[in-house]
Every structure is written in C-alpha cells, then in structure tokens.
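Given chain A, put chain B in place with the hints provided.
Just so you know, the protein sequences line up as chains A and B, in that order.
For the first sequence, the working numbering begins at 11 and goes up steadily by one.
For the second sequence, the working numbering begins at 11 and goes up steadily by one.
Hints listed in this document are in silico derivations from the structure and should not be mistaken for laboratory results.
Keep in mind that a hint or two might mislead.
Treat identical chains as interchangeable: a pair holds within one or across any two.
Capping the alpha-carbon separation at 25 angstroms, the derived lysine to any residue pairs in SDA-like fashion look like this [to be verified]:
1) Lys12 / Ala153
2) Lys54 / Trp97
3) Lys184 / Leu125
4) Lys55 / Thr149
5) Lys54 / Pro191
6) Lys136 / Val185
7) Lys55 / Thr188
8) Lys184 / Leu155
9) Lys45 / His142
10) Lys141 / Arg120
2 protein chains.
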Amino acid sequence: MKLYGYFRSSAAYRVRIALNLKELDYQQSAINLLKGEQNSEDYKKINPQGLVPTLTTDKGILIQSLAIIEWLEETFPERSIIPGDSWKKAQLRSLAYQVSCDIHPVNNLRVLKYLQQELAVSDDAKTQWYKHWIHTGFTALEAQLDDQPFCCSEQPSIADICLVPQVFNALRFKVEMTDFPKIHEIYKHCNMQPAFIDAAPENQPDAV
Amino acid sequence: MKLYGYFRSSAAYRVRIALNLKELDYQQSAINLLKGEQNSEDYKKINPQGLVPTLTTDKGILIQSLAIIEWLEETFPERSIIPGDSWKKAQLRSLAYQVSCDIHPVNNLRVLKYLQQELAVSDDAKTQWYKHWIHTGFTALEAQLDDQPFCCSEQPSIADICLVPQVFNALRFKVEMTDFPKIHEIYKHCNMQPAFIDAAPENQPDAV
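Pulled out of the complex, with its shape left as it was, chain A reads as follows (with noise of 0.2 angstroms):
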C-alpha cells in the first residue's frame, strides 16, 4: 500500500496512526500542500478533490481518512482500532466524528487560507477563529470523556486516531490545554506507544 500525505496534515496523520497500530507495512509519497502539489492534474487523477491522504491498494485507490480507517478495520480486523460491542463502537465513532466533523474541518489549511485571502482576516482574528472552535469541541469531548488511558477505552481506538492529530494542530496555534486535562493527558499517553510516535509530523520523510 501506498499513502500519498503531508507530514502535517492531520487527516494524513490519522491514516498512519491506524496503519501503525494494525503493523501493517506501507509506503509513502510526500504530497507538498503548501506548494499546491495537491492541485496537480496528475495527483488530482488519483483524488478527485485535491486533498490528502489517498491510499493505493491492490483493490484500487481510497480517499477520505475515515473511509481508508473503516476499510482498514474491515480488511485487517486484527488489532481492532473500532473495539467492543456494537454500541461501544458507536459511542467511539461519535468521539470520533466529534473532531473530524465539527472540529478539523474548520481548522484545517484550505479554510484559513478563505479567511486571509478572500475575506481579509486579520491575522489575530484568524487565531480566534481557530481557538473559538478548538474550544467549542474540545470542551464538549472533555465532558464525555472517563479516566481511562485512551478516549473511553483501555485500548487506542478510532477516537484517539482523530484526537491526537487535532490536539497536535492546537498545540501548534498555541492553545492552552489546561482547560482540557482530560483530553491532554490522554493525548500525552498516546505519545508514549510506538503506533503514535512513529506516525507523528516531525518523524515523517518529508517532515521540514
């Protein structure tokens, strides 16, 4: 299998922490969103939309971390990343989606480049746009969340895959995690097994 991706991205990111946690072996291939390589007639050929990741298996070509994540899950049902029961499954998609729906996809490069460019955000006002909204979802997952190890679960799962990358992401606009124990210490945990050390940005081939 290869992963076309950005050290980056947060979506990327996810694909490599499932891959990891399963062990299973694949190649990469540096797409450079910040230099519009996502925009190319031959890489828009394999994603239509002009985003990362995308991975290349013998069955075909994949879009959509989430999707790559579930297929992931369904082809190699080893080392399970959506764990338990039906319900318990359901209850860690829903942490899931709480990111990578309501959270990343108004954070993420694409959208803050609209702000600044076509409406003429200021910079400051940029910031406060991401931290509203970090802080919005953030505070309603710290509500949900126990005091196991991972995200409701003894084991890492589909919710810590889509919550490492993002807090990863609020680090960088220098959120304050204080106001988010829970989600912090589990983020910190995460950082301490191979699965995630291995697939975080700055370990990564093309890691500037």
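Leaving out everything else, chain B in the frame of chain A:
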C-alpha cells in the same frame, strides 16, 4: 427510539432518511436551532455538543449523525444502507464523508453565524463562501459518480443519505445545479422514494 432534531438540520435529516430506509419506528422531539434550544441546560445533558441530532435508544444516548447511522446498520442489518463488500462499502463511505466532513461543516448554521456576527462578513461574502465550498465539493463528487440511479449504487446508501440533505440545503441557497447533472439526477431520483420523501424538512412536524 426518539430522535431529537430540527426539520432543516442536514444532520438530523440524514438520520431520518436512515431510519426510514430501515423501516424503523421512532418518535421525534423538535429542538429549535433558531431559538437556541440546543444550548439549553436540559438539552446539553443529553448532547454536550449542543447540536442535533441525538438518538435515545434502549441502550442509551447516541450523538453524531454518522455514528447513529453506523450503529443502525450494525444493529439492524436488514435493508442495508452500507451495502456491498468491504471495498464497495469503503467507496460509499468515502462519498458520504466528502459531504459530511468537507462540505457540510463549513456551511452549517453556527459557522455562517460566526462569519456574520464575529467577523462582520457581508451577506454577499457569506453567500460566496457558501457557494465556494458547495462548488468545490460538488465538482469533486460529480467526477466520481457513474450513471447508476443512486450514488455509485443500484440501491440507496449512506452516500445518498448524506448527499440529499446537502443538495436540499444548496437549493435553499440558490446554488445552480446545472454544473452537477449527476448529483441533481440522483437527488431527484431519491426524492421519489418514500423514505426520502417522509424525511424531507417540509414533511416534519416542526416545519415552518
């Protein structure tokens, strides 16, 4: 089961379609988003995000439309809404996430409100923002659709469940659908099915 929703919420609309496709009985409770009922103390006890939908079941409370849809599929596997083998399921989920992670989140009520109230964006610029993300997302989707009556499928799936409410919303914002003939055909075809008709905003008890 009881569904807390709002007639015009795309996310609640998705769950109504899913419940109808599975021919499951459910009650509805209206949360008026324009009146801010989603932020009441009482509602936040069942949905800490202060968003709709919420589904209450004999197992407990579940939030996040996609988590509800996946749980319905696992719990009531008949009349599958994620049909096919694992590769087909992955493709259908990918289309669903392109709507639910990349289009809907940047265009929903709370984001448009923030643009107007916090960033003092003009009505014109807000409409342009809305249309930009619809156009970006629909252009990519259109390129991935084939000529089947539903999204890449002979039967309705999670992809149509996400797409139809988004098209409904786009039409409210007067998006011109001529650039997206396949999406438009699928939308019209879905809206001839009872499950979609009964889930439509105008057919809900709280419709204005």
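Against the structure, the hints come out as follows:
Within a single copy, Lys12 and Ala153 get their C-alpha atoms only as close as 37 angstroms, which misses the 25 angstroms cut-off; across copies the closest is 23 angstroms, which meets it. In the homo-oligomer, the alpha carbons of Lys54 and Trp97 lie at most 25 angstroms apart only across protomers (21 angstroms), although the nearest pairing inside one protomer, at 38 angstroms, exceeds that limit. In this assembly of identical chains, Lys184 and Leu125 lie within 25 angstroms of each other by CA distance both inside one copy and across copies; the values are 19 angstroms within and 23 angstroms between. In this assembly of identical chains, the alpha carbons of Lys55 and Thr149 lie at most 25 angstroms apart only when taken from different copies (13 angstroms versus 39 angstroms within one copy).
In this homomeric assembly, Lys54 and Pro191 come within 25 angstroms of each other (Cα to Cα) only across copies, at 21 angstroms, whereas the closest approach inside a single copy is 40 angstroms. Taking the shortest Cα distances, Lys136 and Val185 sit within 25 angstroms of each other inside one copy (13 angstroms), while across copies they are farther apart (27 angstroms). With identical chains, the CA atoms of Lys55 and Thr188 are at most 25 angstroms apart between copies only, with a shortest distance of 23 angstroms across copies and 44 angstroms within one. For the identical chains of this complex, Lys184 and Leu155 are intra-copy neighbours only, at 22 angstroms inside a copy versus 41 angstroms across copies, given an alpha-carbon limit of 25 angstroms.
Taking identical chains as interchangeable, the C-alpha atoms of Lys45 and His142 lie at most 25 angstroms apart only when they sit on different chains, with a minimum of 21 angstroms there against 28 angstroms within one chain. Taking CA atoms no more than 25 angstroms apart as the test, Lys141 paired with Arg120 passes in both settings, with 16 angstroms inside one copy and 15 angstroms between copies.
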